[in-house]
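Engineer: Sequence:
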Amino acid sequence: MVNTRSQTKMAENADLFALLAEMKKSMEKGQEEMKKGQEKMKKGQEEMNKELEMGQEEMKNLIRAEKEEMRAYVENQVEEMKEHVNRSIGKVEEDVQGVKTEIDEFQEKISVL
Numbered sequence: 001m002v003n004t005r006s007q008t009k010m011a012e013n014a015d016l017f018a019l020l021a022e023m024k025k026s027m028e029k030g031q032e033e034m035k036k037g038q039e040k041m042k043k044g045q046e047e048m049n050k051e052l053e054m055g056q057e058e059m060k061n062l063i064r065a066e067k068e069e070m071r072a073y074v075e076n077q078v079e080e081m082k083e084h085v086n087r088s089i090g091k092v093e094e095d096v097q098g099v100k101t102e103i104d105e106f107q108e109k110i111s112v113l
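First residue of the sequence shown: 1, per UniProt numbering; consecutive thereafter.
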């Protein structure tokens, strides 16, 4: 059997067509793998964002707790200072009353003279 030029050309074209079909299939497979990779990356990024948000919320809660603890500590210190000031005022009032009593006693002694 003798191949004519057109038969040879058709055989070459068929080989090229088969090669193109194989390349197309390979490209489609590569695109599908890329798509899966992108989806995996997107999912990973979403998980990272969730973890970041959880970490931020945890930090906010810690800061709130620290603020509350500090507020309670300051309120306690203020109450202690108020009590100290009131005790000091009470002592001063007692001292003033004592001095008034001494002055009154002294004035009585002077008036008797």
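For the record, the hints were derived by calculation from the structure and aren't laboratory data.
Nothing here was measured: the structure is a model prediction, and the numbers come from that model.
Note that the Cβ used here is the ideal one computed from N, Cα and C, for glycine as well.
Be aware that one or more of the hints could be misleading.
Unchecked claim - Restricting the straight-line Cα-Cα distance to at most 20 Å, the calculated cross-link-like pairs of lysine to aspartate or glutamate (EDC-like) are: (1) Lys109 / Glu93; (2) Lys82 / Glu66; (3) Lys35 / Glu51; (4) Lys50 / Glu66; (5) Lys36 / Glu46; (6) Lys82 / Glu93; (7) Lys67 / Glu83; (8) Lys67 / Glu79; (9) Lys91 / Glu79; (10) Lys36 / Glu47; (11) Lys91 / Glu80; (12) Lys43 / Glu33; (13) Lys67 / Glu57; (14) Lys50 / Glu39; (15) Lys35 / Glu53; (16) Lys40 / Glu28; (17) Lys40 / Glu51; (18) Lys24 / Glu12; (19) Lys42 / Glu58; (20) Lys25 / Asp15; (21) Lys43 / Glu32; (22) Lys91 / Glu102.
Said to hold, decoys possible - Across the chosen pairs, the derived CB separations fall in these ranges: (23) Glu12 / Met48: 51 to 57 Å; (24) Met81 / Met48: 53 to 59 Å; (25) Glu75 / Lys36: 56 to 62 Å; (26) Glu108 / Glu75: 45 to 51 Å.
Engineer: Now tell me, hint by hint, if it's right for this structure.
Structural biologist: These are the hints, each one checked on the structure:
no.	hint	in the structure
1	Lys109 / Glu93	24 Å, violated
2	Lys82 / Glu66	24 Å, violated
3	Lys35 / Glu51	24 Å, violated
4	Lys50 / Glu66	24 Å, violated
5	Lys36 / Glu46	15 Å, holds
6	Lys82 / Glu93	16 Å, holds
7	Lys67 / Glu83	24 Å, violated
8	Lys67 / Glu79	18 Å, holds
9	Lys91 / Glu79	18 Å, holds
10	Lys36 / Glu47	16 Å, holds
11	Lys91 / Glu80	17 Å, holds
12	Lys43 / Glu33	15 Å, holds
13	Lys67 / Glu57	15 Å, holds
14	Lys50 / Glu39	16 Å, holds
15	Lys35 / Glu53	27 Å, violated
16	Lys40 / Glu28	18 Å, holds
17	Lys40 / Glu51	16 Å, holds
18	Lys24 / Glu12	18 Å, holds
19	Lys42 / Glu58	24 Å, violated
20	Lys25 / Asp15	15 Å, holds
21	Lys43 / Glu32	16 Å, holds
22	Lys91 / Glu102	16 Å, holds
23	Glu12 / Met48: 51 to 57 Å	53 Å, holds
24	Met81 / Met48: 53 to 59 Å	49 Å, violated
25	Glu75 / Lys36: 56 to 62 Å	58 Å, holds
26	Glu108 / Glu75: 45 to 51 Å	49 Å, holds
Hints 1, 2, 3, 4, 7, 15, 19, 24, counting from the list given before, are not met by this structure.
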